[in-house]
Amino acid sequence: MIMSYTEEIKKIIDNLNSVCGTSYKPTTKATVKHITARLKEGFELEDFYHVISFKNDQWGTDPKMMEYLRPETLFGTKFESYLQAAKKFECPQPQRRQKPEVAL
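As numbered in my numbering, residues 1 to 104 make up the sequence shown, in order.
Just so you know, not all the hints are guaranteed correct.
Stated by the list, open to error - Cut-off 25 Å, straight-line C-alpha distance, at most; resulting in silico cross-link-like pairs (SDA-like, lysine to any residue): (1) Lys33 to Glu80; (2) Lys25 to Glu90; (3) Lys88 to Cys20; (4) Lys88 to Ala30; (5) Lys87 to Lys29; (6) Lys11 to Phe43; (7) Lys78 to Val19; (8) Lys10 to Thr77; (9) Lys87 to Thr27; (10) Lys64 to Glu44; (11) Lys33 to Leu45; (12) Lys25 to Asn15; (13) Lys33 to Glu44; (14) Lys33 to Leu83; (15) Lys29 to Thr61; (16) Lys87 to Thr28; (17) Lys11 to Glu46; (18) Lys33 to Asn56; (19) Lys64 to Glu41; (20) Lys33 to Glu90; (21) Lys88 to Gly76; (22) Lys33 to Tyr68; (23) Lys33 to Met65; (24) Lys78 to Asn17; (25) Lys11 to Phe79.
Honestly, the hints are just simulated from the structure, not real lab data.
Required output: the full structure, derived from the provided sequences and hints.
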């Protein structure tokens with residue numbers, strides 16, 4: 001049985017276009033290929049949304065990097081590393097315990 005991810009792909013591309021101000025189509029062969037591959041690996045919609053938001057925050061104001069806010073870059077082979085970076089950035093860093101002051 002061939003599984004179709006048409007609805008998921010549309011939601012992901014709609015999110016990408018909304019967040020990044022782009023106009024990608026959810027039907028382009030390369031876009032479908034990259035997103036389908038990640039979905040088959042078990043990634044969920046929220047994972048795609050995290051990567052889109054994180055990379056837009058990182059690259060969205062850099063004219064040189066803005067061109068990489070595209071499906072083939074965001075959802076390609078580096079997707080998992082982008083997701084891990086996004087999750088690490090979103091998680092608060094553990095606070096170090098302060099040593100108690102010793103009165104002399």
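Now the hints, each set against the structure:
no.: 1; hint: Lys33 to Glu80; result: holds, 16 Å
no.: 2; hint: Lys25 to Glu90; result: violated, 29 Å
no.: 3; hint: Lys88 to Cys20; result: holds, 21 Å
no.: 4; hint: Lys88 to Ala30; result: violated, 28 Å
no.: 5; hint: Lys87 to Lys29; result: violated, 29 Å
no.: 6; hint: Lys11 to Phe43; result: holds, 14 Å
no.: 7; hint: Lys78 to Val19; result: holds, 20 Å
no.: 8; hint: Lys10 to Thr77; result: holds, 20 Å
no.: 9; hint: Lys87 to Thr27; result: violated, 28 Å
no.: 10; hint: Lys64 to Glu44; result: violated, 29 Å
no.: 11; hint: Lys33 to Leu45; result: holds, 16 Å
no.: 12; hint: Lys25 to Asn15; result: holds, 12 Å
no.: 13; hint: Lys33 to Glu44; result: holds, 16 Å
no.: 14; hint: Lys33 to Leu83; result: holds, 18 Å
no.: 15; hint: Lys29 to Thr61; result: violated, 28 Å
no.: 16; hint: Lys87 to Thr28; result: violated, 28 Å
no.: 17; hint: Lys11 to Glu46; result: holds, 11 Å
no.: 18; hint: Lys33 to Asn56; result: holds, 22 Å
no.: 19; hint: Lys64 to Glu41; result: violated, 30 Å
no.: 20; hint: Lys33 to Glu90; result: violated, 28 Å
no.: 21; hint: Lys88 to Gly76; result: holds, 20 Å
no.: 22; hint: Lys33 to Tyr68; result: holds, 17 Å
no.: 23; hint: Lys33 to Met65; result: holds, 23 Å
no.: 24; hint: Lys78 to Asn17; result: holds, 20 Å
no.: 25; hint: Lys11 to Phe79; result: holds, 17 Å
Checked against the numbered hints given earlier, the structure breaks hints 2, 4, 5, 9, 10, 15, 16, 19, 20 and satisfies all the rest.
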